[in-house]
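Student: Just so you know, the protein sequences line up as chains A and B, in that order. Using the numbering used here, read the first sequence as starting at 7 and increasing by one per residue. Using the numbering used here, read the second sequence as starting at 3 and increasing by one per residue.
It is worth saying that the hints were derived from the structure and are not from the lab. Note that the Cβ used here is the ideal one computed from N, Cα and C, for glycine as well. Keep in mind that a hint or two might mislead.
Stated by the list, open to error - Here are the simulated BS3-like cross-link-like pairs (lysine-lysine), alpha carbons at most 30 angstroms apart as the crow flies: (1) A:Lys-95 - B:Lys-20; (2) B:Lys-20 - A:Lys-10; (3) A:Lys-187 - B:Lys-5; (4) A:Lys-195 - B:Lys-34; (5) A:Lys-95 - B:Lys-5; (6) B:Lys-34 - A:Lys-91; (7) B:Lys-20 - A:Lys-187; (8) A:Lys-96 - B:Lys-34; (9) B:Lys-5 - B:Lys-34; (10) B:Lys-5 - A:Lys-91; (11) A:Lys-141 - B:Lys-34; (12) B:Lys-34 - A:Lys-72; (13) B:Lys-43 - B:Lys-58; (14) A:Lys-72 - B:Lys-58; (15) A:Lys-17 - B:Lys-45.
Stated by the list, open to error - Here are some of the chain B residues that sit facing chain A, going by a computed Cβ distance under 8 angstroms: (16) Lys-20; (17) Phe-22; (18) Phe-31; (19) Lys-34; (20) Leu-35; (21) Ala-49; (22) Leu-51; (23) Val-53.
What the hints assert, rightly or not - Coverage of chain A stretches by chain B, computed from C-beta distances (three or more under 8 angstroms per stretch; other residues unrestricted): (24) 54-65; (25) 91-102.
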Amino acid sequence: VSEKERIEELKNNNRLVFNQFVDEFRPVVIRTCYSFLRNNDDALDVAQEVFLEVYNSIHHFRGDAKLSTWVFRIAVNCSLDALRKRNRKKRFADIVQIFGKEDYSVVCNLSDYSTPLHVVENTERQKALDAALNKLPETQRIAFTLSNMEDLSYQQIADITGTSLSSVESVIHRARENLRKHLKNYYTKNCN
Amino acid sequence: MDKGNINEEVNRTLDLLKVFPANISDNEFNEKLWQRIDEHKVKAAFATLNVTNYRKAALAIIISLNILSGAILLYKTLDFSNVNTVEQSSLAQEYALVSNMYNYNLTNQNK
């Protein structure tokens, strides 16, 4: 089946074709969401939102980009929305803590670092990494996060973000440098 | 912590970027996804309804109890010829929603 035929079937709400589409893209969508959110449950939840969005918006897909590029864009947008929501939740928890009403921080932190790997020994590193990633400008964060997924080339990242190949290369380079700088600052501050 | 240790710690932290979750059960994911899509369809259908909240509540009960065929029979059997035009329009909307949901469920069962 050609991509064009597949898109037509998806637009006709063909359940079988949609299931095949989900089966094909599920691993890569979950990995994309996880790359941004760094939490299993959140990644699965947002991956479902991505496919729901695909199901609802496929009628508006004009076919200017490849279907996979369009899906990645949705995955990035949904993940960033979820990150913003999470950060708002954390800020609210911090404010509540300052005023000493109730300790909501436990609720937030446990849900954010709940994978066994994190719980055992990497919770502190995960926190440092999240803090450093949060400090990156959004364009750097998006390009850098996507570059960590081995499935994507720089050209594909350029297509997803709608920028040039050279711009993607320099943004990723700057993101890597900034991330190292933020992490070094974090460990210097917290370990002395 | 000296400079060498900090660099090592930075590298270990960056290694976390290469950790990805194990694949989850395909069926579980797809099942939940279809549940979500169905819920979304019902919500979207409800959003277009121009009837009172009481009637929306009644329709929600009909859908959640899956007594759609009974409801369709009721709409077909009862005589609504005496009701005014506003009421007729509400009834037509409700009937369309119920029968769409019924047909949708039927199609999904057959796939």
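Student: Against each hint, give a clear statement of whether it holds in the structure.
Tutor: These are the hints, each one checked on the structure:
For the hint pairing A:Lys-95 with B:Lys-20, the CA-to-CA distance comes to about 27 angstroms; that is within 30 angstroms, so the pair holds. Proximity of B:Lys-20 to A:Lys-10 is assessed by CA-CA distance (about 34 angstroms); at most 30 angstroms being required, the pair is judged violated. Our distance criterion of 30 angstroms between C-alpha atoms is met by A:Lys-187 and B:Lys-5, whose separation comes to about 13 angstroms. At roughly 44 angstroms between alpha-carbon atoms, A:Lys-195 and B:Lys-34 are farther apart than 30 angstroms, so this suggested pair is violated.
Of the pairs offered as hints, the one joining A:Lys-95 and B:Lys-5 is violated, with about 35 angstroms between alpha carbons and a cut-off of 30 angstroms exceeded. In summary, the hint linking B:Lys-34 to A:Lys-91 is supported, as the alpha carbons are separated by about 22 angstroms, within the 30 angstroms threshold. Between B:Lys-20 and A:Lys-187 the CA atoms are separated by roughly 19 angstroms; this keeps the pair inside 30 angstroms, and the hint holds. For the suggested pair A:Lys-96 and B:Lys-34, the alpha carbons sit about 28 angstroms apart, so the restraint of at most 30 angstroms is met.
Our distance criterion of 30 angstroms between C-alpha atoms is broken by B:Lys-5 and B:Lys-34, whose separation comes to about 48 angstroms. For the hint linking B:Lys-5 to A:Lys-91, the alpha-carbon distance of about 36 angstroms lies beyond 30 angstroms, and the restraint is violated. Proposed proximity of A:Lys-141 and B:Lys-34 is contradicted: the alpha carbons are some 34 angstroms apart, above 30 angstroms. Between B:Lys-34 and A:Lys-72 the CA atoms are separated by roughly 27 angstroms; this keeps the pair inside 30 angstroms, and the hint holds.
Among the hinted pairs, B:Lys-43 with B:Lys-58 is consistent with the structure: their alpha-carbon atoms are about 15 angstroms apart, no more than 30 angstroms. With a CA separation close to 41 angstroms, the supplied pair A:Lys-72 and B:Lys-58 exceeds the 30 angstroms bound. About 20 angstroms separates the Cα atoms of A:Lys-17 and B:Lys-45, which keeps this hinted pair within 30 angstroms; it holds. The criterion of a C-beta within 8 angstroms of any C-beta in chain A is met by B:Lys-20, whose closest approach is roughly 7 angstroms, and the hint holds.
Annotation: interface hint on B:Phe-22 holds; nearest CB of chain A at approximately 5 angstroms, less than 8 angstroms. This hint holds: B:Phe-31 has a C-beta 6 angstroms from the nearest C-beta of chain A, less than the 8 angstroms allowed. The interface hint given for B:Lys-34 holds, since its Cβ lies 6 angstroms from the closest Cβ of chain A, which is under the 8 angstroms cut-off. Interface hint at B:Leu-35: satisfied, since its Cβ lies 5 angstroms from the closest Cβ of chain A, which is below the 8 angstroms cut-off.
Interface restraint check for B:Ala-49: the shortest CB-CB distance to chain A comes to about 13 angstroms, outside 8 angstroms, so the restraint is violated. The closest approach between the C-beta of B:Leu-51 and any C-beta of chain A is roughly 19 angstroms, which is over the 8 angstroms cut-off, so the hint fails. Violation of the interface hint for B:Val-53 is found here, the shortest Cβ-Cβ separation to chain A being roughly 24 angstroms, above the 8 angstroms cut-off. Counting residues of the segment 54-65 of chain A whose CB lies closer than 8 angstroms to any CB of chain B gives 5, which reaches the minimum of 3, so the coverage claim holds.
For a cut-off of 8 angstroms, the count of residues in the segment 91-102 of chain A with a CB near a CB of chain B stands at 0, and the three-residue condition is violated.
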